[in-house]
Amino acid sequence: GYGNKKGKGGNSIATYNYEDSYFTETARDNYNHDLARMSLRLALSAFAYHGKGDERYTNQDKNARKLLTDIGFGGDNGKAIDSVGYTTEPSVNSIGAIAGHKKVTYGDKEYTLIALAIRGGNYESEWGGNFNVGTGVEHKGFSEGRKKVLDFLSYYINDKKISGDVKLWITGYSRAA
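Counted the way our numbering counts, the sequence shown spans residues 348 to 524.
No lab work stands behind these hints, which were simulated from the structure alone.
Mixed in with the good hints there might be a few duds.
[Said to hold, decoys possible] No more than 20 Å apart at the CA atoms, straight line, and that leaves these computed lysine-lysine pairs for PhoX-like: (1) 426 - 494; (2) 456 - 495; (3) 413 - 456; (4) 449 - 507; (5) 399 - 450; (6) 450 - 508; (7) 399 - 409; (8) 507 - 495; (9) 450 - 426; (10) 456 - 508; (11) 426 - 449; (12) 514 - 449; (13) 508 - 449; (14) 409 - 426; (15) 413 - 426; (16) 450 - 413; (17) 487 - 426; (18) 514 - 450.
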């Protein structure tokens, strides 16, 4: 079931189901309702968590980091998880993103499954980027955010020395979508 119980610090607690098998097929061809629900949970976990006082910008990715760890993306004592933009005060056109990875095997083929969630809530003045429409063909504020996420993903893949076949699970809510 789905709970709306309050946990410590005002976090909501919900039960969820996650299976690596969600990624055996491409989502482009086959809709998977369980994957859609889990993707929303990951997107919501990536909202900035605001501590109090000096902790306001020190642990904003804690909910997403915990969820990724709980479903096996933490690897190497949590070193498989990295984030960007969660330790500084958001500004117009800033972005927050968090990623983790793990090895999965489907049939006789091994993949690296990368989970990438983009901050879509509690991002303060970052919301101002929605009004940065620009004069070109693309929405300037959204394209700036997209570039920063792609730069982070490229950094993440290089930093974690990921090679070979990759499957990408990417999610975001609101502006992050």
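For each hint, the structure was consulted:
1. 426 - 494: 24 Å, violated
2. 456 - 495: Answer violated: residue 456 to residue 495 is near 31 Å, above 20 Å.
3. 413 - 456: Violated, because 28 Å separates the two Cα atoms, which is more than 20 Å.
4. 449 - 507: Holds, because 11 Å separates the two Cα atoms, which is no more than 20 Å.
5. 399 - 450: 36 Å, violated
6. 450 - 508: 13 Å, holds
7. 399 - 409: Answer holds: residue 399 to residue 409 is near 14 Å, not above 20 Å.
8. 507 - 495: The hint holds at about 18 Å.
9. 450 - 426: 14 Å, holds
10. 456 - 508: 19 Å, holds
11. 426 - 449: This hinted pair holds, its Cα atoms lying about 11 Å apart.
12. 514 - 449: Holds, at roughly 10 Å.
13. 508 - 449: Status holds; Cα separation ~12 Å.
14. 409 - 426: Holds - the C-alpha atoms of residue 426 and residue 409 are around 14 Å apart, at most 20 Å.
15. 413 - 426: It holds: about 13 Å lies between the C-alpha atoms, which stays within 20 Å.
16. 450 - 413: 19 Å, holds
17. 487 - 426: 33 Å, violated
18. 514 - 450: 10 Å, holds
Checked against the numbered hints given earlier, the structure breaks hints 1, 2, 3, 5, 17 and satisfies all the rest.
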